[in-house]
Amino acid sequence: MLELTDVHTYYGNIRALRGISLSVAPGEIVTLIGANGAGKTTTLRTILGTARARHGTVRFNGHQLDTLTTDRIVRLGIAQSPEGRRIFPRMTVLENLELGAFARPDRAAIAPDLDRVFTLFPRLSERSAQTGGTLSGGEQQMLAIGRALMARPALLLLDEPSMGLSPILVDTIFRIIQDINRQGTTILLVEQNARMALRVAHRGYVMQTGRIVLHDAAAALLRSDLVRKTYLGEK
Amino acid sequence: MAWWEVLVQQTINGLTRGAVFALIALGYTMVYGIIELINFAHGDVFMLGLFVSLAWFTLLGATQTLTGWQLVTVLPLVFLLTMLTTAVLNVAIDRAAYRPLRRSTRLAPLITAIGVSFMLENVALLWKGPAPIAYPDVFPSVDILREWFGVDSAIFVTTKDLLVVGATIPLMLALHYFVSRTTWGKAMRATAQDRETAEAMGINVERTILMTFFIGGALAGAAGLIQGMYYNIGQWWMGYQAGLRAFTAAVLGGIGNMAGAALGGFFIGFLSAWSDQYISARWTNAIVFAILILVLVFRPHGLMGERTPEKV
Ligand SMILES: Nc1ncnc2c1ncn2[C@@H]1O[C@H](COP(=O)(O)OP(=O)(O)OP(=O)(O)O)[C@@H](O)[C@H]1O
Ligand SMILES: [Mg+2]
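Here the protein sequences come in this chain order: A and B. Its first residue numbered 1, the first sequence is counted upward by one per residue in the working numbering. Its first residue numbered 1001, the second sequence is counted upward by one per residue in the working numbering.
Fair warning: there could be bad hints in the mix.
[What the hints assert, rightly or not] Which chain B residues face chain A? A few, computed with CB under 7 Å, are given here:
(1) A1002
(2) E1005
(3) L1007
(4) Q1009
(5) A1190
(6) D1194
(7) R1195
(8) E1199
(9) A1200
(10) M1201
(11) N1204
[What the hints assert, rightly or not] Simulated coverage check for chain A against chain B, where a stretch passes if three residues somewhere in it have a Cβ under 8 Å from a Cβ of chain B:
(12) 71-77
(13) 81-89
[Stated by the list, open to error] Over 12 Å on every C-beta distance to chain A, these chain B residues come out as not near it, computed from the model:
(14) G1129
(15) L1162
(16) V1205
(17) N1232
(18) A1281
Hint data in this document are derived by calculation from the structure and do not stem from the laboratory. From the three backbone atoms N, C-alpha and C, an ideal C-beta is built for every residue, glycine too.
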């Protein structure tokens, strides 16, 4: 479904990605873990076209994404809940959610999806008329995820969805991730919380300074020495 | 005239001036909101709007005072044609001069905008010559208090004043509706607030920018037409002064803030009318710029008091 081949992405002279190859098959949850600055966010941005690969190709369902503009890429069925939430601060919760569905051709199916998001996050329903900038950090995180779900994407990119959430909400978010995956959405999940991510994912990639150093089934990664020492903090 | 009659008269005068400033200021603030460019050429689009509207009246053979049915056919038609012309012109300016510089430093398009301003002024100079151009008295001027109400007052309110308010308010309401209710209006606000995330929503940002220039140009054209019909005169450099005052209005309202720009426009309108009357017309520009500098130094987010201005 998604295939990155030898992708190099730069910010000016900074080499953020130094030849990334990874793939995501339909129906999977794939997680990308790694230390701060490893290039996880850059990988997602390169897929969505908000950062551009200097070498290599990004393919999605037969389309070569690195030649398309971001709005075209989104219309192919990719949505993202970005790092740092990136809520539109001076628009209401409802408007933020509506914008999530901006590129959808099936306008009629939007209302039921709005209900679905409000059922998943009742807090958002209570605050639907409030502006995004006045929400708490955790509420903004729910809104960012809800907004991405409003696109009803084939592939959902999640960049640290558990960031800033209380432990109970983290559990809820991961349960929701599994639910929407079962309902047919393929997910590429970037997480600091490696343990949780590897528990819900089918497969995982480990990144270090712009390269992928390890990839395997999630259960195998949970047992690997490198992951246990470096990312799970075990001795 | 008693002192209060002078005050009322100058306030009415300020209202009509302010309406024109407000329409121009909206174009400044919308473009700034979306690409953070102070479009110095915007005042000149207003100036060309005046001449273009004159050309449309001439083409339609309507250079006498309009009567009866002409007021509801010819006049709206000229509004539409003028707004369309300046809207397309404004989009063309963006495409030719600013778009190629979209990914460069912020200074580059700013300097280009000054260049475009010179260019438009010289186009007008070649087209109409250096002398002031008489704009025909197409809109009937009726002394309302005297002729409609039989009141013998020194205050002079005409149907032209009604025209200014009657044309400006609906335009502003339409703009407000567009920006707050329609899908594309929301896309515009989203792009102004966070461009990359707007793109990630599937919004075509270039199309949104195009729309912003289109609307800003249309409003400037309407302002030019109104100015021509009201003052019956036009000159190639008039966009410079009106543009600077409208820009001050936009800064006063918090650049990027649409409601602020409209209010700022009316404020500068009142202020300049009062200053012309009570101080001296020669001082008015100095006073407007003093306000611009004071606001930039002490309240860079405008007088509306928001730390983060409501862009677009
Ligand atoms: N806009 C930018 N300009 C310059 N350098 C950048 C930019 N964004 C990221 N980088 C650099 O690229 C590298 C990869 O950053 P990236 O944000 O992809 O890391 P990450 O794996 O998502 O980290 P984190 O877990 O902290 O979010 C880092 O060294 C970072 O400093
Ligand atoms: Mg990151």
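A quick look at each hint next to the structure:
1. A1002: Because about 47 Å separates A1002(B) from the closest Cβ in chain A, which is outside the 7 Å limit, the hint is violated.
2. E1005: 44 Å, violated
3. L1007: Not OK, violated: L1007(B) not within 7 Å of chain A, min 38 Å.
4. Q1009: 40 Å, violated
5. A1190: Where the cut-off is 7 Å and the nearest Cβ of chain A is about 5 Å from A1190(B), the hint holds.
6. D1194: Holds. Min distance 6 Å.
7. R1195: 10 Å, violated
8. E1199: 4 Å, holds
9. A1200: Since chain A brings a Cβ to about 5 Å from A1200(B), closer than 7 Å, the hint holds.
10. M1201: 5 Å, holds
11. N1204: 5 Å, holds
12. 71-77: Contact hint for the stretch 71-77 of chain A vs chain B: holds, 3 residues under 8 Å.
13. 81-89: holds (count 4)
14. G1129: Non-interface label stands for G1129(B): nearest chain A Cβ at 46 Å, farther than 12 Å.
15. L1162: 35 Å, holds
16. V1205: Given a closest Cβ separation of 7 Å, the condition is violated.
17. N1232: 42 Å, holds
18. A1281: 39 Å, holds
Checked against the numbered hints above, the structure breaks hints 1, 2, 3, 4, 7 and 16 and satisfies the rest.
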